[in-house]
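Undergrad: We have chain A already, so just place chain B on it with the hints.
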Amino acid sequence: MTDRIRSRVERLRADFDHSFSVPLRTLDDDSVELLAVGAGGRPYAMRLSQTSGLYPDRPVTPLPTSVPALRGLAGFANVVVPVYDLAALLGHPIADEPRWLVLAAGTPPLALAFHQLDNHVRVPAADVVAGSGAAEPRGCLRGMVRLPGGDRPLVDVPATRALAHRMAGHDHTEGTT
Amino acid sequence: MPENRDPLRYFRIEARELVEQISSGVLDLDQRPGPEPVAKLLRIAHTLKGAARVVRQKEIADRAHEFEEILVPHRDDPAGLAADEMRELLRLNDAISERVAALSQPPPSPDLGPAAATPTAVSPAVPAFPATAAVATPVPVATASPFATASPVDAASPVAASLVEEASERIAPRAATEDLDDLLDSIGEANARMAPLRAGCHTLEQLHRTAETLAEQMRGGRTSAGLTRAAAQRLAGELGTAGRRLIDAVDRVERELDDVRAKAEGLRLVPAGTIFTALRRAVRDAADSEGKRVRFNASGADVKMGAHLLGPVSSAFLHVVRNAVVHGLEPEPERLAAGKPAEGTISFGVERRGRFAAFHCTDDGRGFDVAALRAKAQARGLTATAEADVLDLVMHGGLSTSATVTEVSGRAIGMDVLRDTAAQLHGEVTIRSTPGAGATVELTVPLALLSMTGLLVEAGGTIASLPLDSVRACVRLSTHEAATAAATGKLVYQETAAPFRPLVETLFTGRVAPDSAGPGAAVMLQAAGGTVAVGVDRLLGTHALVSRLLPELAPSTRAVGSVSVDADGNPRLVLDPEGLAAEMLRTEADGGRTVPATVAPPLPILVVDDSLTTRMLERSILESAGYEVDLAASGEEGLERARSRGYGLFLTDIDMPGIDGFTFVERTRADPELAVVPAILVSSRASAEDRERGMRAGASAYVVKGEFDQEELLAHIRRLVVRA
Numbered sequence: 001m002t003d004r005i006r007s008r009v010e011r012l013r014a015d016f017d018h019s020f021s022v023p024l025r026t027l028d029d030d031s032v033e034l035l036a037v038g039a040g041g042r043p044y045a046m047r048l049s050q051t052s053g054l055y056p057d058r059p060v061t062p063l064p065t066s067v068p069a070l071r072g073l074a075g076f077a078n079v080v081v082p083v084y085d086l087a088a089l090l091g092h093p094i095a096d097e098p099r100w101l102v103l104a105a106g107t108p109p110l111a112l113a114f115h116q117l118d119n120h121v122r123v124p125a126a127d128v129v130a131g132s133g134a135a136e137p138r139g140c141l142r143g144m145v146r147l148p149g150g151d152r153p154l155v156d157v158p159a160t161r162a163l164a165h166r167m168a169g170h171d172h173t174e175g176t177t
Numbered sequence: 001m002p003e004n005r006d007p008l009r010y011f012r013i014e015a016r017e018l019v020e021q022i023s024s025g026v027l028d029l030d031q032r033p034g035p036e037p038v039a040k041l042l043r044i045a046h047t048l049k050g051a052a053r054v055v056r057q058k059e060i061a062d063r064a065h066e067f068e069e070i071l072v073p074h075r076d077d078p079a080g081l082a083a084d085e086m087r088e089l090l091r092l093n094d095a096i097s098e099r100v101a102a103l104s105q106p107p108p109s110p111d112l113g114p115a116a117a118t119p120t121a122v123s124p125a126v127p128a129f130p131a132t133a134a135v136a137t138p139v140p141v142a143t144a145s146p147f148a149t150a151s152p153v154d155a156a157s158p159v160a161a162s163l164v165e166e167a168s169e170r171i172a173p174r175a176a177t178e179d180l181d182d183l184l185d186s187i188g189e190a191n192a193r194m195a196p197l198r199a200g201c202h203t204l205e206q207l208h209r210t211a212e213t214l215a216e217q218m219r220g221g222r223t224s225a226g227l228t229r230a231a232a233q234r235l236a237g238e239l240g241t242a243g244r245r246l247i248d249a250v251d252r253v254e255r256e257l258d259d260v261r262a263k264a265e266g267l268r269l270v271p272a273g274t275i276f277t278a279l280r281r282a283v284r285d286a287a288d289s290e291g292k293r294v295r296f297n298a299s300g301a302d303v304k305m306g307a308h309l310l311g312p313v314s315s316a317f318l319h320v321v322r323n324a325v326v327h328g329l330e331p332e333p334e335r336l337a338a339g340k341p342a343e344g345t346i347s348f349g350v351e352r353r354g355r356f357a358a359f360h361c362t363d364d365g366r367g368f369d370v371a372a373l374r375a376k377a378q379a380r381g382l383t384a385t386a387e388a389d390v391l392d393l394v395m396h397g398g399l400s401t402s403a404t405v406t407e408v409s410g411r412a413i414g415m416d417v418l419r420d421t422a423a424q425l426h427g428e429v430t431i432r433s434t435p436g437a438g439a440t441v442e443l444t445v446p447l448a449l450l451s452m453t454g455l456l457v458e459a460g461g462t463i464a465s466l467p468l469d470s471v472r473a474c475v476r477l478s479t480h481e482a483a484t485a486a487a488t489g490k491l492v493y494q495e496t497a498a499p500f501r502p503l504v505e506t507l508f509t510g511r512v513a514p515d516s517a518g519p520g521a522a523v524m525l526q527a528a529g530g531t532v533a534v535g536v537d538r539l540l541g542t543h544a545l546v547s548r549l550l551p552e553l554a555p556s557t558r559a560v561g562s563v564s565v566d567a568d569g570n571p572r573l574v575l576d577p578e579g580l581a582a583e584m585l586r587t588e589a590d591g592g593r594t595v596p597a598t599v600a601p602p603l604p605i606l607v608v609d610d611s612l613t614t615r616m617l618e619r620s621i622l623e624s625a626g627y628e629v630d631l632a633a634s635g636e637e638g639l640e641r642a643r644s645r646g647y648g649l650f651l652t653d654i655d656m657p658g659i660d661g662f663t664f665v666e667r668t669r670a671d672p673e674l675a676v677v678p679a680i681l682v683s684s685r686a687s688a689e690d691r692e693r694g695m696r697a698g699a700s701a702y703v704v705k706g707e708f709d710q711e712e713l714l715a716h717i718r719r720l721v722v723r724a
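From first to last, the protein sequence lines stand for chains A and B.
Residue 5 in UniProt numbering is what sits at position 5 of the first sequence, and the numbering runs on without skipping anything.
Residue 331 in UniProt numbering is what sits at position 331 of the second sequence, and the numbering runs on without skipping anything.
Source of the hints: derived by calculation from the structure; they are not laboratory data.
Just so it is clear, the structure is predicted and the values come from calculations on it, not from any experiment.
Just so it is clear, CB atoms sit at the ideal spot from N, CA and C, and this is done for glycine as well.
You can trust all of the hints, since none of them are fake.
Just the calculated beta-carbon pair ranges, DEER-fashion:
id, chain 1, residue 1, chain 2, residue 2, range
1, B, Ala236, A, Val79, 39 to 49 Å
2, A, Pro43, B, Leu585, 43 to 53 Å
3, B, Gly646, A, Val129, 33 to 43 Å
4, B, Leu204, A, Arg42, 42 to 52 Å
5, B, Gln217, A, Tyr55, 43 to 53 Å
6, B, Ala528, A, Pro43, 47 to 57 Å
7, A, Ala130, B, Ala386, 56 to 66 Å
Rough simulated footprint, nothing fancy, chain B against chain A, three-plus residues with beta-carbon under 8 Å:
id, stretch
8, 56-62
9, 67-74
10, 104-118
Isolated chain A (complex conformation) (with noise of 0.2 Å):
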């Protein structure tokens, strides 16, 4: 070993072990994670802490089932996940195939589909505004994000969660966030 790399390893070392007396790197409070995406035709906005994954054209085992929100199946690390189409649960029409699916975080397994990703966005929480005199939310949507391209309405996860849950026919316990 020569002395030149005794003395990078040495750094490194130090800098590894330094970082164990730095506090956590922890994200601004004050801002918001965002996945931007397209569905049915719309743009739409969604946190990404509500979410466990994303995956482009994972393929979907077609399934016969009389909820048309339901796609099929597709396999994730050898567990079966449902796949919904994230336009039909916003009351889009179905049209394209989507590429993309996300993982809802929480239980059952459950992923959303959607036709495009158009970026990862972090905002200032204060471009996240809640949707006005929102006594009673409206479907999957709560509030809307400021962002360059223009406002994007923001789906809320466990609503759509939720949603699949009664389409289903299966008990839905809050909180399973």
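TA: Below, chain B alone, put in the same frame as chain A:
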């Protein structure tokens, strides 16, 4: 050497196997006395004694020796052992089992006995290796926990508590040697399939050299153009052949790997036979203390399932078989008086029914005394008159069939445990009783994991598996035969007309399926209601698979029983033959079950054609097939109507005054509202060019009027039409 650190490592495995053989051998001997079972037991006990001495397990060796001592005088004795000798054998058997089990217990071992105290080469680190290689650990063993929260009866009754403890440790899920051999065979087979791939790589190298030579020749210009062209053509031909061979070889490797995967998954499952010895012993003990003679039969040892199922089932059925001996079987004089053999029979069976496993215990005793139970129920102020209601009370209301609580069979506890087990495993319990002739207690539970052989079929671009054990035959269909079967809904097979339906219709998901040539084969499925013929596009062969229940948020039709995961990690549907047959045979009168099996009605169809005759003809075809039809006499009118209500399909002519069919299709595709409605072009134009243009415009199908085939048109419509 690692062996030195744990000298008991192999002894534990061997001893456990020998103990298992002793346990079932003793029960064999009990039922069929004779020199043969004695000799077998002597052999096993001797082996155990020898092995135990080698690893200085004196306690085990001594018990095995005593065991031998009892058997030696009976070597050539056809009469069998005296009852007290038999009891002593069983006691020793238990003592040995206990000792052997203690070897696998994690530290601190409460009582290692004198063997551990003797100064020996046995390392003190022995108890620190509780894992016993891979054998003891890979599958979560069922424990007593299912009953920890069961009824308070458990806690109050030492009988029940001890039974539960006793049962829960008996399931040792582990891979049987044959299963491992099977897996190794499959791996070998997959390996062997690599040879053609390797050969293919060589061929490719050769062809690469040929191509280079050819390029060289062309550059030099020394060879004539004719010769070079011929060489290039030959090369192209060889490349084509090599390509096909490679595809074939890769397909095979893929299939073999699929098989390997499924077999490896199957190792997680345990054969039901592993719980038989415990049940048999329970029957034997109960019979002994009741002074009854009982024969125990068991069937279905090979049915495999998860250990998490077998543990609780075994615990529950220990009670059920004991109850059957104590309450079900009459005393000998009573049996003889009733014209029955003196020896009672208890049969325990396991079988797979679709995606369920059924466990049943049948006795040939007196059956449930429904009258007495009814009286008992009424005395408690319960109203139950029908036999089924009374038996339901036995199941759920704590009614016992016995007047006294005995040592072996607590009042109604057995049924309570069975009921709790059923609830825990999402199963169902049924009781059937024939007074004077016996009773059957049956538990059916859904199988979360199930290993089976499947027939892979393709229909409308989807690949699905059918359980091979319900396939009676596969029949190849010519285009003509397929068309006849589709038109009549029947297929003649072995001189009967079996109901026929293309699988693509049953699996229809409401989305456009790729066009296929239609059924090329029919799978004859055996279902409870008779044989049905399922039309499939292609048969892809058989494969081993492990199926699991559909996930919670994925309700499907009865036709889909479960799902497996293919070699690429993608889900593949496993069809339920009974459900599939029921779907096929479903008539309007049948209300359907709780599963959302009904398909939504199709939306109306819009027919666009300038010819009155064609409009009327198409309307009559569609209406008699059950569709609602609207008509438009031109493309313009068609567009106007299309926007006026929700249609399930557009059926349009091409040549019309004003906008033609191509334009109609293009414009509807461009409109987001209408794009979701599939369009079919019907025209007298038969050229490939027109078909091509139609598809480019966005038509989902193209039907030529000249070859107008009503069935073909309806098949397209059934496949494409949007439902409400």
